[in-house]
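Read off the chains here:
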Amino acid sequence: MATFKEFRNNVKPNWCPGCGDFSVQAAIQRAAANVGLEPEGLAVISGIGCSGRISGYINSYGFHGIHGRALPIAQGVKMANRDLTVIASGGDGDGFAIGMGHTVHAIRRNINVTYIVMDNQIYGLTKGQTSPRSAAGFKTKSTPAGSIEQAISPMELALTAGATFVAQSFSTDLKDLTALIEAGIKHEGFSLINVFSPCVTYNKVNTYDWFKENLTKLSDIEGYDPSNREAAMQTLMQHSGLVTGLIYQDTERKSYQQLVNGYSETPLSQADLSLDQEYFDKLVTEFM
Amino acid sequence: MINQLSWKVGGQQGEGIESTGEIFSIALNRLGYYLYGYRHFSSRIKGGHTNNKIRVSTTQVRSISDDLDILVAFDQETIDVNYKELHENGVIIADAKFSPKKPEDTQAAMYAVPFTDMATELGTSLMKNMVAIGATSAILDLDIQVFAEVVQEIFGRKGQQVVDKNMEAIKAGYEYTKEQLGGAQTMQLEKADGQKRLFMIGNDAIALGALAGGCRFMAAYPITPASEIMEYLIKKLPALGGTVIQTEDEIAAVTMAIGANYGGVRTITASAGPGLSLKMEAIGLAGITETPVVIVDTQRGGPSTGLPTKQEQSDLMAMIYGTHGEIPKIVMAPSTVQEAFYDAAEAFNLAEEYQCPVILLTDLQLSLGKQTVEPLNYEKVEIRRGKLATEELPEIENKGYFKRYEVTEDGVSPRVIPGMKNGIHHVTGVEHDETGKPSESAANRIAQMDKRLRKVSNLKFDTPIHKYAPHEEADLLIVGFNSTRGTIEEAMGRLEKDGLKVNHAHVRLVHPFPAEEMMQLVQSAKKVAVIENNATGQLANIIKMNVGSHEKIHKILKYDGNPFLPQEVHTKCKELF
Numbered sequence: 000m001a002t003f004k005e006f007r008n009n010v011k012p013n014w015c016p017g018c019g020d021f022s023v024q025a026a027i028q029r030a031a032a033n034v035g036l037e038p039e040g041l042a043v044i045s046g047i048g049c050s051g052r053i054s055g056y057i058n059s060y061g062f063h064g065i066h067g068r069a070l071p072i073a074q075g076v077k078m079a080n081r082d083l084t085v086i087a088s089g090g091d092g093d094g095f096a097i098g099m100g101h102t103v104h105a106i107r108r109n110i111n112v113t114y115i116v117m118d119n120q121i122y123g124l125t126k127g128q129t130s131p132r133s134a135a136g137f138k139t140k141s142t143p144a145g146s147i148e149q150a151i152s153p154m155e156l157a158l159t160a161g162a163t164f165v166a167q168s169f170s171t172d173l174k175d176l177t178a179l180i181e182a183g184i185k186h187e188g189f190s191l192i193n194v195f196s197p198c199v200t201y202n203k204v205n206t207y208d209w210f211k212e213n214l215t216k217l218s219d220i221e222g223y224d225p226s227n228r229e230a231a232m233q234t235l236m237q238h239s240g241l242v243t244g245l246i247y248q249d250t251e252r253k254s255y256q257q258l259v260n261g262y263s264e265t266p267l268s269q270a271d272l273s274l275d276q277e278y279f280d281k282l283v284t285e286f287m
Numbered sequence: 000m001i002n003q004l005s006w007k008v009g010g011q012q013g014e015g016i017e018s019t020g021e022i023f024s025i026a027l028n029r030l031g032y033y034l035y036g037y038r039h040f041s042s043r044i045k046g047g048h049t050n051n052k053i054r055v056s057t058t059q060v061r062s063i064s065d066d067l068d069i070l071v072a073f074d075q076e077t078i079d080v081n082y083k084e085l086h087e088n089g090v091i092i093a094d095a096k097f098s099p100k101k102p103e104d105t106q107a108a109m110y111a112v113p114f115t116d117m118a119t120e121l122g123t124s125l126m127k128n129m130v131a132i133g134a135t136s137a138i139l140d141l142d143i144q145v146f147a148e149v150v151q152e153i154f155g156r157k158g159q160q161v162v163d164k165n166m167e168a169i170k171a172g173y174e175y176t177k178e179q180l181g182g183a184q185t186m187q188l189e190k191a192d193g194q195k196r197l198f199m200i201g202n203d204a205i206a207l208g209a210l211a212g213g214c215r216f217m218a219a220y221p222i223t224p225a226s227e228i229m230e231y232l233i234k235k236l237p238a239l240g241g242t243v244i245q246t247e248d249e250i251a252a253v254t255m256a257i258g259a260n261y262g263g264v265r266t267i268t269a270s271a272g273p274g275l276s277l278k279m280e281a282i283g284l285a286g287i288t289e290t291p292v293v294i295v296d297t298q299r300g301g302p303s304t305g306l307p308t309k310q311e312q313s314d315l316m317a318m319i320y321g322t323h324g325e326i327p328k329i330v331m332a333p334s335t336v337q338e339a340f341y342d343a344a345e346a347f348n349l350a351e352e353y354q355c356p357v358i359l360l361t362d363l364q365l366s367l368g369k370q371t372v373e374p375l376n377y378e379k380v381e382i383r384r385g386k387l388a389t390e391e392l393p394e395i396e397n398k399g400y401f402k403r404y405e406v407t408e409d410g411v412s413p414r415v416i417p418g419m420k421n422g423i424h425h426v427t428g429v430e431h432d433e434t435g436k437p438s439e440s441a442a443n444r445i446a447q448m449d450k451r452l453r454k455v456s457n458l459k460f461d462t463p464i465h466k467y468a469p470h471e472e473a474d475l476l477i478v479g480f481n482s483t484r485g486t487i488e489e490a491m492g493r494l495e496k497d498g499l500k501v502n503h504a505h506v507r508l509v510h511p512f513p514a515e516e517m518m519q520l521v522q523s524a525k526k527v528a529v530i531e532n533n534a535t536g537q538l539a540n541i542i543k544m545n546v547g548s549h550e551k552i553h554k555i556l557k558y559d560g561n562p563f564l565p566q567e568v569h570t571k572c573k574e575l576f
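In order, the protein sequences belong to chains A and B. When we follow numbering that gives the first Met the number 0, the leftmost residue of the first sequence carries the number 0, and every step to the right adds one. When we follow numbering that gives the first Met the number 0, the leftmost residue of the second sequence carries the number 0, and every step to the right adds one.
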């Protein structure tokens, strides 16, 4: 069985020293080993942005696509090979701005993909513009007078879109984050894990210290029940979304793969590409 | 006796005009006639004039006809809009209900038949279409029993009573009209050969070709005139273990298709101009990541929403050059339904062999026009997967990556799919080295760009141009692509009768452009006429760019939303002399 070290490759990330994404990278590597994967059995599909580079920093199959489209690519990969573990990842701009449409529909489609968002509330790679996760009043190069738009609440949004697995974590909580990614991988259906991953270069508001002060662990809330969707929504609203842990999981609903009519039990990528002549003749006769 | 007939049925959209045409034509196809249909419709569900023009012949026809023999009208608008197409011996059969008025400037005969009233009497006004079919049969002296089988198939699941009622409606229409004719026989079709042939639209053929070509997954977003492809495949793919996902948008459709192809499944997506515009960035991704993907573009009137239900061929340049940057790409343009089948299957081979996006270009007339098709031969369909690794791969030391983008002589690199041991590599839309790792080195950039473009520079492609070039020295070379083929062929015959020596080149591979072959054809003609349904002469410009001879090349363009008629091509070509 592969250890987490086998999920490390020889590529040195181009992230800034102190970037929260390093811990996310480590957590994915550990989670992959912990659930018993081999490197070739994992495909990491990422978007564009600093965090989008993550697919190149893990020793597994990796696909670094175009801005905002990690999710449809990842769903295509999973449909092609249901035996692969597919992780999609990217930043908050990727998932909640340009790719928001895909996020909502991937949630409702419920294909067995784990989506890890590295949420730093800012655009880093383009050198510091506002993000849909930036709080109102947040000053950036593109919002010099402070953002006048409302920040998106991804966890609440996921719940209303019909998510079956919603979790949030903080990049310094390596142990908790690893456990959540493992749970996400094992979840039969789509899992969304939003990770607060501070940008040490451009975001001087939402810093490591700021998160430490403002985050509440769900494990510290007495009697919190992640199977209760209504209570999950209430808790999120009470804490302005600043909670970490497993927020909600529906273990009853079937995944897309389980529901697709006729979907091959073996990976579709191994399907026989030829047709029986008799079957072809039957298809043709329908047009006579 | 006539060996050819042009029949049109028209009315308000949602009135069953389509099913009238459908039942009439399926029955005639089964008798062995060759048919070619074209539907005129609007982007709405109920209301608005719609018509279905069907040409029936004892020999193959691949064009709509210039004129009309029979016009079946469910409203006055149908008469007013279409009567000018009727030739002097033509017949209008109209529903008596709207008290049809025959325009003064036509010599065509008109019979008012109470379609609606007779149908209502038999149970429901819905059957007025059947009465109209009966009336048509009377004019053609056609035995109405030829419709029994089709009516049984369509209405059988609603019970025998419904079947019987519909047959009665046909009979009623037949008898009423016969009586009106009073023994005068207007038209009688020559008997057909009775051979069973297929009757399908281009989109059916593309979907069937995809299945035959090993396609097992589709991601698509509904759009006119492409939706029939996804609708067919969702019916058929489950039996083969695959499926169709209707995505949230066009970008998701193409990127999901790219993901699935990367995952090792032959996957298709299909759309029309607006969708292709949205897919362009992803097409570039497939180009630089060398991921095979087959994308259908069923051209319709552009730009923007344009003329969504009308014929046009204005996406050509966008399909060839679309996406920023430069990538290897193959653009195929089948010209008949039969060819759409073989080309759709072959597109998957080319996509995998050359590891690049393949665009299968059609136009509305080809995608939706229903025509008689000679048998499709499955044995002619090959599955070739190029350099896809099928054997176990050697171990790579020190966590090295598989050289997925190895620089090779032909530019094509070995390909592995996720899940394969020792095949790990990176894939990125960023310029990358041989293992897929991002690289900005100038030398690497040149090596990778050259390698990618080299792949398609020596593309092997069967019949890139359909040539019908009987003359070594021709007065005129007519060039076209997609659905204009039959129209050009017909016009060509008339031009020959006028004493002109005419050659015809129909481009089937539009990119990479078969320049040498076209050059020879252009050089052996005094003049060149390029027939296109667009306003700027895109194919003509491509020929000029690749072949030169600017002074010889004339653009014959039509962009009013309607297909060319043979007579238009004939007249415009003649004007060149």
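Hints listed in this document are in silico derivations from the structure and should not be mistaken for laboratory results. Fair warning: there could be bad hints in the mix.
[To be verified] Capping the alpha-carbon separation at 25 Å, the derived lysine-lysine pairs in DSS-like fashion look like this:
1. B:LYS398 / A:LYS11
2. A:LYS281 / B:LYS234
3. B:LYS525 / B:LYS551
4. A:LYS11 / B:LYS420
5. A:LYS4 / A:LYS126
6. B:LYS402 / A:LYS11
Note that the structure is a prediction, hence the values are computed from the model and not measured.
Starting from A:LYS11, check that the Cα of B:LYS420 is at most 25 Å away, please. Given that 25 Å is the threshold and the Cα spacing comes to 23 Å, the pair holds.
Please verify whether B:LYS402 and A:LYS11 have alpha carbons no more than 25 Å apart. holds (19 Å)
Hint check: B:LYS398 vs A:LYS11, CA-CA at most 25 Å. Holds or violated? It holds: about 14 Å lies between the C-alpha atoms, which stays within 25 Å.
Would you check the hint for A:LYS281 and B:LYS234, treating anything up to 25 Å between C-alpha atoms as holding? holds (14 Å)
Under the criterion that the straight-line Cα-Cα distance not exceed 25 Å, is the pair B:LYS525, B:LYS551 satisfied? holds (7 Å)
Is the Cα-Cα distance between A:LYS4 and A:LYS126 25 Å or less? violated (32 Å)
Hint 5 from the earlier list is the only one contradicted by this structure; the remaining hints agree with it.
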